[in-house]
Amino acid sequence: MKFFLSEYRHDYSSYTFGYTIYAICESRSDLEFIYSNGFLPYTGNLEIRADIFYKSRGIRIVLDHFSDTSENRRVQRKIASFNIKESVIPIESFDQWDEFFDFAKKYSNVRIGDHKMPLERIKYICSRKYLTHIIQFNQDDKVIGYILVVISDSFMHFWFSFYDTTFLEQNIPLGKWLMWKCIHIAKAMDKSYIYLGNGYQKSSLYKTRDFKGVEYYNGNSWSSDLEKFQLLVSQDEALRPLDDFKLNGDWNQQIESLL
531 MKFFLSEYRH DYSSYTFGYT IYAICESRSD LEFIYSNGFL PYTGNLEIRA DIFYKSRGIR
591 IVLDHFSDTS ENRRVQRKIA SFNIKESVIP IESFDQWDEF FDFAKKYSNV RIGDHKMPLE
651 RIKYICSRKY LTHIIQFNQD DKVIGYILVV ISDSFMHFWF SFYDTTFLEQ NIPLGKWLMW
711 KCIHIAKAMD KSYIYLGNGY QKSSLYKTRD FKGVEYYNGN SWSSDLEKFQ LLVSQDEALR
771 PLDDFKLNGD WNQQIESLL
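Here my numbering = 1-based position in the sequence shown + 530.
Honestly, the hints are just simulated from the structure, not real lab data.
Bear in mind that the values here come from a model prediction, so they are computed numbers and not experimental data.
Careful, some of the hints might be misleading.
What the hints assert, rightly or not - Calculated pairs, DSS-like style, for lysine-lysine (alpha carbon to alpha carbon, straight line, at most 25 Å):
| id | residue 1 | residue 2 |
| --- | --- | --- |
| 1 | K608 | K672 |
| 2 | K737 | K758 |
| 3 | K706 | K742 |
| 4 | K646 | K732 |
| 5 | K706 | K721 |
| 6 | K742 | K608 |
| 7 | K737 | K721 |
| 8 | K659 | K635 |
| 9 | K717 | K608 |
| 10 | K706 | K717 |
| 11 | K608 | K737 |
| 12 | K532 | K659 |
| 13 | K721 | K585 |
| 14 | K706 | K615 |
| 15 | K585 | K653 |
| 16 | K706 | K646 |
| 17 | K776 | K732 |
| 18 | K758 | K742 |
| 19 | K646 | K737 |
| 20 | K636 | K672 |
| 21 | K635 | K615 |
| 22 | K615 | K717 |
| 23 | K706 | K672 |
| 24 | K717 | K742 |
| 25 | K672 | K615 |
| 26 | K758 | K585 |
| 27 | K706 | K608 |
| 28 | K717 | K737 |
| 29 | K585 | K732 |
| 30 | K721 | K742 |
To be verified - Label-pair distances were calculated between CB atoms; the ranges are:
| id | residue 1 | residue 2 | range |
| --- | --- | --- | --- |
| 31 | H714 | L772 | 37 to 45 Å |
| 32 | N778 | F631 | 40 to 48 Å |
| 33 | S544 | L756 | 24 to 32 Å |
From the three backbone atoms N, C-alpha and C, an ideal C-beta is built for every residue, glycine too.
Between the sequences and the hints, there should be enough to build the whole structure, so can you do that?
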């Protein structure tokens, strides 16, 4: 495992200099440290051969603190009659790649957009050495969803999900249910955490609204201060004039908390 910083924006007048922090994952044994320190997989450049992670405002659930909310129970009631079954399949044992790629491409065309998630990127994601499992969901003999997950000793990462979009036409929240179900699978595996991706912009707020036990990565550590998280999200639409440390006003207190 190695780390490097890449220069981004700067404002010399306020001595504010931005660097993106990357990690290079050299083996699956690196994953515990990488995830616990706020890194998530980067797959935006298909020409990068190495397994790269970037540090960000990630979201995870502390599974000891998780329990179902009324919203979780509402979603489960809407799905229960479909009698959906799941299989957690090690990536090395999965042998239905043609069917998976066709399914994932159809979903991506409808929900994500071909410009953001072309078939080439889906295949690139599935080639990453840290991808450990595919969770397949069936209704009788029909596949209705997949989740790509990274599973390590203490955690699961809910990475990408693909599902039958005809459920949405029936006002059935299958996407929400898949995330909820994945959380329960991780809890049943006795994992400590499940990582749910980034926490940027208002589109991410459902992750903190719908589930208990949520933490976000603040750049230094994991925090359960969701009021602060919501404030940060509310500021995501515009470029902030200074970094968060300079804007906070409690500079000495923040420094002392790190000593």
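Next on the checklist: Next pair to validate is K706 with K742; report whether the Cα-Cα distance is within 25 Å.
Outcome noted: holds (14 Å)
Item to check | Hint consistency between K646 and K732 [alpha-carbon to alpha-carbon, up to 25 Å] | outcome: holds (19 Å)
Next on the checklist: Would the hint linking K585 and K732 be met if the CA-CA limit is 25 Å?
Outcome noted: holds (20 Å)
Checklist entry - Taking only the CA atoms, is the gap from K706 to K721 under or equal to 25 Å? => result holds (20 Å)
Checklist entry - Regarding the pair K706 and K615, is the alpha-carbon distance no greater than 25 Å? => result holds (16 Å)
Checklist entry - Is the straight-line distance between the alpha-carbon of K646 and that of K737 25 Å or less? => result holds (22 Å)
Checklist entry - Holds or violated: are the alpha carbons of K721 and K585 at most 25 Å from each other? => result The hint holds at about 22 Å.
Next on the checklist: Between the alpha carbons of K717 and K742, is the straight-line distance 25 Å or under?
Outcome noted: holds (13 Å)
Checklist entry - When you check the alpha-carbon spacing of K758 and K585, does it fall within 25 Å? => result Holds. K758 to K585 sits at ~19 Å (cutoff 25 Å).
Next on the checklist: Can you confirm whether the C-alpha distance between K706 and K717 stays at or below 25 Å?
Outcome noted: Holds. K706 to K717 sits at ~17 Å (cutoff 25 Å).
Next on the checklist: Holds or violated: K717 and K737, Cα atoms, limit 25 Å.
Outcome noted: At roughly 17 Å apart (the allowed maximum being 25 Å), K737 and K717 satisfy the hint.
Checklist entry - Taking only the CA atoms, is the gap from K659 to K635 under or equal to 25 Å? => result holds (21 Å)
In this structure, every one of the numbered hints holds.
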